Amino acid sequence: MKLSAWCQFITAISYTACGRRAKLAIPILIVLLSTLSLTARANETPNILFILSDDIGWGDIRSYNPESKVALPAIEQLAAEGLKFTDAHTSASKCAPSRYSVITGNYQWRGRKEWGQWNATGGSQILSGQQTLGGMLQQAGYKSAFVGKHHLGAEYYRQNSNEFTNQESLIDFSRTVEEGPLQRGFDYSFAAMRGIQDSPYAFFENDLLVGSVSDIITWAVGDYGDTEILKAGVGLSDWVTRDVGPALLDKAVAFIDQHHKENISRATKKPFFLYFNSEAVHSPRKPPISLGGRNILGESGVSLRTDMLVEVDVIVEQLLGALEARGLTDDTLVIFTSDNGAQGRSEERRAGHFSNGSLRGDKGTIYEGGHRVPLIIKGGARVLAGSPLRAGSSVDALVAIQDMYATLADLVGAPIVNGDARDSFSILPVLIGDATGPVRDHMISEADAPEDGSGDEGLTGRHKSYRAGRYKLIFNSSDQPVELYDLSNDLSETNNLINDANQRANRAALVTAYNQALVSDRTASVRESPSNLAPQVVIEFPASGSSFLRGATVSFMGSASDEEDGELGASLRWSSSIDGTLGTGPNISVILGEGQHVITVSVSDSGGRTASASIVVVVKINNAPVVRIITPADATSAVQGETIQFSATATDAEDGTLSSAIIWLSNRDGNIGSGASISTSTLSVGVHSISAKIVDSAGQTATATITLEVASATAPPSSADGGGGIIGLPGVLVLLCICIRRRRNGE
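The sequence shown maps to residues 1 to 747 in this note's numbering.
In case anyone wonders, no lab produced these hints; they're calculated from the structure. In this text the structure is predicted, and so the values were computed from the model without any measurement. Don't be surprised by glycine CBs; every beta carbon is placed ideally from N, CA and C. Among the clues, some could well be false.
With a straight-line Cα cutoff of 35 Å, these simulated DSBU-like cross-link-like pairs (lysine-lysine) come out [to be verified]:
hint : residue 1 : residue 2
1    : K620      : K693
2    : K693      : K269
3    : K270      : K620
4    : K261      : K620
5    : K69       : K270
6    : K113      : K269
Quick list of the computed label-pair ranges, beta carbon to beta carbon [stated by the list, open to error]:
hint : residue 1 : residue 2 : range
7    : L127      : D215      : 44 to 50 Å
8    : G327      : G469      : 49 to 55 Å
9    : N502      : T584      : 55 to 61 Å
10   : R266      : A391      : 33 to 39 Å
11   : G327      : D215      : 38 to 44 Å
12   : A635      : A713      : 19 to 25 Å
13   : N515      : G321      : 45 to 51 Å
14   : E324      : V240      : 27 to 33 Å
15   : I678      : N587      : 41 to 47 Å
16   : N515      : E324      : 46 to 52 Å
Model the full assembly from the supplied sequences, consistent with the hints where possible.
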């Protein structure tokens, strides 16, 4: 990690130096991310799962509002294992402008339209040349995926033309959508271009329509049972509102699974970035009946909107379960938040559920209920390590959801150039202890009107608020200050200080700062590419793809070096995707469990840069070999000095054919030869137990045995009847027949 770039915008903090190993000059309260396990030494470049929900309020989740009437066990567990931010905000209190800010790190007015791109057509809100989260992480070596509600705009070709059209009825849906997710930094996408609330009512996978163009119809406004249309428009005839959430979940899990399989097959550890944009809990409210083995419809007992809260909870549960099932939990950073505050519902309030808690205002308003949102971050055990803060802790620092751009860029060591992420402040220095205090010293939020159209309590048109420290100044649509609140003791915004004489100087300073921010080319400083080079790691032995038998000791050898720190072999950390931590140092010897292991060795330098290398090794069960004597048959006889032929076969599941290694043994004469076929004429007289023995490469043995009788060559023949007496009667002719049996062949 490089500190010099952080120092550019953390002007309130004094440093003894402004370089790679700078130390704070004053005692500070370090705010750390416990479950994220953030410290100055990152262990891995993590996978990133970013879940952006739709219209979930500060009061919907019991982790923020214990009085919530809806149990959301997966989200609550995420907060208990992660870190929850209590002062996190969106740049706007509605989705289209807010979503642009999150994905670019810019305030909404820096895009195509000042208040976001609400239409599916007319071009992307993300201007050409503006970097996105997906593109930034893609360039940092990630495989990036966009799944869910898009609401950023795109371009669609007119039928029989190479020109674009804004008229849905004239769109050629057989052609690629331009300026869609694939052209804005994502390797894979599965998108509902305006969620469930507006047309086109269809999915687009990798910017192509999912379905047949011949099935495109014009939907009229209405409730069709499992499908509800709030605004007339084109879409597929089989569009089912209730199935959208499950479809998005299936595609997200499939992406995780496919990426994981690709890493295993290629013996790589390429990280992924999955940006999951839930359609819930936006209207129309058509929650699935069930999902992931849990009931959804009617489960909350409050409203259809809160049933959709349960849907989001199941989606979180299933996505985290997909990580766990593939052994990715410890290597994944999870972010959960919302695009704006919740839309207040009268039936929920009657039931005692307040979606924005004690905050004033709802979705669409300039008050805290419109833009203060839940933000939960959890990191796996191997993402970053060493934080002293316990799981479930809270951070009350001012944060914007658009700050995730700069934070993730810092985390992976990606540069932020002048045109990118102009209003995104990295909170990573705060989290890892390299800075304290207000990394973000101000925040602008914007609103137009609440979702129900009732007006923002006297404010009309688009208007903004300016937050600095404990104070929040609200401006009307003419940018005149009209309300001032001290949020440190008035979070519900009930005491307007705009006319308080004691606040005159403070108010003037806030107005000046606000006006400067509005005209500023960027409110966040540019961070250069880190000068600290990452270390180099090599696994020298064994080769990837090597196989070992269960129970065998496997030795690994690796090396690591760093431009700044030199040799780092002693700091190597070895782990297995099956057995977990294996040991440390340049050489280790271990006994691995059965299965296909991804063996990873990683190291961190003193500046926090990390590197890792991975190989695949397979540990198999060692099956015993099989040996069979072909000749002679069991219980055969022979005469001393006679040449006797022996033959046998031996096979092994792991080693293949082993016949040439057969060892022949006699219990009377000892070793009599080796190989698949032998002959001998030196066996001693007597009954022999003849064994064909084989030993496989793992030391497992197998033996086949027959008996063989060897008679003396000088022994007289014996009568078949054993020489018993004969009794005859007087006057009766007696025929005597004598049978002689040779010991060799019984004749």
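How the hints compare with the structure:
1. With a C-alpha separation of about 23 Å, the suggested pair K620 and K693 falls inside the 35 Å cut-off, and the hint holds.
2. Restraint check for K693 and K269: not satisfied, since their Cα atoms lie roughly 45 Å apart, outside the 35 Å limit.
3. Only pairs whose Cα atoms come within 35 Å are accepted, and K270 paired with K620 is accepted, the gap being roughly 26 Å.
4. Annotation: proposed proximity of K261 to K620 holds, straight-line Cα distance about 20 Å (limit 35 Å).
5. Only pairs whose Cα atoms come within 35 Å are accepted, and K69 paired with K270 is rejected, the gap being roughly 41 Å.
6. Taken as a hint, the K113 and K269 pair is broken in the structure, with Cα atoms around 39 Å apart against an allowance of 35 Å.
7. Checked against the hint of 44 to 50 Å, the C-beta distance between L127 and D215 comes to roughly 34 Å, which is inconsistent with it.
8. Restraint check, G327 to G469: a C-beta distance of roughly 44 Å breaks the suggested window 49 to 55 Å.
9. N502 and T584 have their C-beta atoms about 60 Å apart, which keeps the hinted 55 to 61 Å range intact.
10. Taken as a hint, the range 33 to 39 Å holds for the pair R266 and A391, whose Cβ atoms sit roughly 34 Å apart.
11. Checking the proposed 38 to 44 Å range against G327 and D215 shows it holds: the Cβ atoms sit about 40 Å from each other.
12. For A635 paired with A713, a C-beta distance near 20 Å keeps the hint of 19 to 25 Å intact.
13. As the Cβ distance of N515 to G321 is approximately 49 Å, the hint placing it in 45 to 51 Å holds.
14. For E324 and V240, the hinted distance range of 27 to 33 Å is satisfied, since their beta carbons lie about 29 Å from each other.
15. Range check, I678 to N587: about 45 Å between beta-carbon atoms, so the 41 to 47 Å window is met.
16. At roughly 50 Å, the beta carbons of N515 and E324 sit within the given window of 46 to 52 Å.
Violation of the numbered hints given earlier is confined to hints 2, 5, 6, 7, 8; the remaining hints are satisfied by the structure.
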